[in-house]
Amino acid sequence: MVSIIGILLAVALLIYTCYKGIPAVIVAPLVSILVLIFSGMDVAAGMSGAYMEGMAGFIQKYFLTMFTGAIFGAMMGDSGAAKSIGLKFGRIARKFPGREKLMALWSLAALSFILGYGGVSVFVAFFTVIAIAKEMFQELDVPWRLYGVNILGAGVLALTMAPGSPSVNNVIAGEALGTNAMAAPLLGLIGCLLAMILAGIYFKWEINQVEKNQEGFLPTGAEIAKVNLMQEDENFKEMNLITCLIPSIVLIVCLNVLKQPVYISATFGIIVGYGIYWKRLGAKIETFKRGAMQSINSVCTASMVIAFGSVVGATTGFAIICGALNHIPGPGEFQVVVAVNVAAGVAGSSAGGLTIALNALANRFIGSVSEGGLGMNPQVVHRISTICSGGLDSLPSNGTIINELTQARLPHKVGYRPMGVCSVVIPLIVAVVLSVIAQFGIV
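Residues 12 to 454 (the working numbering) make up the sequence shown, in order.
You may find that some hints are simply not true.
Stated by the list, open to error - The calculated lysine-lysine pairs, modelled on DSS-like cross-linking and capped at a C-alpha distance of 30 angstroms, are: (1) K270 - K300; (2) K300 - K290; (3) K270 - K215; (4) K31 - K215; (5) K237 - K215; (6) K237 - K270; (7) K215 - K248; (8) K237 - K223.
As the list claims (entries may be wrong) - Estimated spans, in silico, between C-beta atoms of each pair: (9) V443 - M63: 52 to 58 angstroms; (10) G109 - I212: 35 to 41 angstroms; (11) G189 - P108: 49 to 55 angstroms; (12) W289 - K237: 49 to 55 angstroms; (13) K248 - F451: 38 to 44 angstroms; (14) G32 - N374: 42 to 48 angstroms; (15) G189 - F451: 19 to 25 angstroms; (16) A294 - Q225: 34 to 40 angstroms; (17) N191 - F247: 17 to 23 angstroms; (18) F247 - P108: 23 to 29 angstroms; (19) L41 - K72: 23 to 29 angstroms; (20) N337 - L200: 27 to 33 angstroms.
No wet-lab data here; the hints were simulated from the structure.
Ideal Cβ placement from N, Cα and C applies to all residues, glycine included.
Generate coordinates for the entire structure from the input sequences, incorporating the hints supplied.
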């Protein structure tokens, strides 16, 4: 019990300090030590063992992805491709007089979804999206604090809800349950529709507040305005859409058709982009260098928070929490909602929480009633569990959330609300509704 108290206290402190603007790279090791103390574990062994193993494991798994992704994003920015896309989306938004800012939010979420559903990892997507968002939000004078709505596309719809998505969460659930990415297509489509309806209500509320308070890109965009996401070019000439998208298309084809790893796919995208945009890229080495440096900052921030999750996973308290998941009462669908959300929330990771919950409970959920299982349809478990994995994982202590807000130059207290609503509140509501609908046999 003491260990569980330590875990909850550490998570609460990490969330609180993030909101106060204290860097996660400082807090994550400290709260990890707190967890080890409360769990009665050797601090030195825990930090050099579980913490460093978690940090090293994340770097080993994602460094090349984030390295190539950041360079890809810098290239898209410096070449003018991101600016061109941003201007095009801006013009589309302006075709809706009086609703330009609302359409800007939907445009950003749509772009993020297209990249995510195309197989582009969120670690790669946001480096490109942030450059495009900056251009579009400045063009339409949209408050920069609303940048976080982009998570609805890649981090919610594409990652967990849309049937057929090549997301890692779909892969994890498929391997554990013997299903595939198209599992429970009708439930997935209903979930997407409901999520977009809820998002529409929220977007409209935010824009009403913006108009009421006469907000613009500044002041919340003051810090990102100082960051050179792309080289300035007084002689900028807008490119056609196809030329802008060729590197992204190459990346997506390499990833989904040729089945190459993300970092290989991004590398091909970079090579093609440099070839196409050679004359448009001024300081070519500087573009590469800036992207590389951005990736190092991102990797350090994310890995140190992920390492905290590794420490939590090594404690007796976490083992107790996982064991308690076996005793959740209520209908099977509701048990899935609770189990996966709790696991994802404690782990601070959608993929990690989903893996933990399904490793512990897959047999309970889909096993035959005669053998003590609940006899649930594996497809239903797949879709509801993937959606739930993207719920409480996105609390302010989530490594990806911290990383993206850091890159956007937004403190949590300013920029987290759109992320919290889109990636915590909406998925929770959708999961509960689908858990009820699934009981009527809808798959």
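To see whether the hints hold, each was checked on the structure:
{"no.": "1", "hint": "K270 - K300", "verdict": "holds (28 angstroms)"}
{"no.": "2", "hint": "K300 - K290", "verdict": "holds (18 angstroms)"}
{"no.": "3", "hint": "K270 - K215", "verdict": "violated (39 angstroms)"}
{"no.": "4", "hint": "K31 - K215", "verdict": "holds (28 angstroms)"}
{"no.": "5", "hint": "K237 - K215", "verdict": "holds (29 angstroms)"}
{"no.": "6", "hint": "K237 - K270", "verdict": "violated (38 angstroms)"}
{"no.": "7", "hint": "K215 - K248", "verdict": "violated (34 angstroms)"}
{"no.": "8", "hint": "K237 - K223", "verdict": "holds (27 angstroms)"}
{"no.": "9", "hint": "V443 - M63: 52 to 58 angstroms", "verdict": "violated (39 angstroms)"}
{"no.": "10", "hint": "G109 - I212: 35 to 41 angstroms", "verdict": "violated (18 angstroms)"}
{"no.": "11", "hint": "G189 - P108: 49 to 55 angstroms", "verdict": "holds (51 angstroms)"}
{"no.": "12", "hint": "W289 - K237: 49 to 55 angstroms", "verdict": "violated (28 angstroms)"}
{"no.": "13", "hint": "K248 - F451: 38 to 44 angstroms", "verdict": "violated (56 angstroms)"}
{"no.": "14", "hint": "G32 - N374: 42 to 48 angstroms", "verdict": "holds (44 angstroms)"}
{"no.": "15", "hint": "G189 - F451: 19 to 25 angstroms", "verdict": "holds (23 angstroms)"}
{"no.": "16", "hint": "A294 - Q225: 34 to 40 angstroms", "verdict": "holds (39 angstroms)"}
{"no.": "17", "hint": "N191 - F247: 17 to 23 angstroms", "verdict": "violated (45 angstroms)"}
{"no.": "18", "hint": "F247 - P108: 23 to 29 angstroms", "verdict": "holds (26 angstroms)"}
{"no.": "19", "hint": "L41 - K72: 23 to 29 angstroms", "verdict": "holds (24 angstroms)"}
{"no.": "20", "hint": "N337 - L200: 27 to 33 angstroms", "verdict": "holds (31 angstroms)"}
Violated hints, listed in ascending order, are 3, 6, 7, 9, 10, 12, 13 and 17; each of the other numbered hints is respected by the structure.
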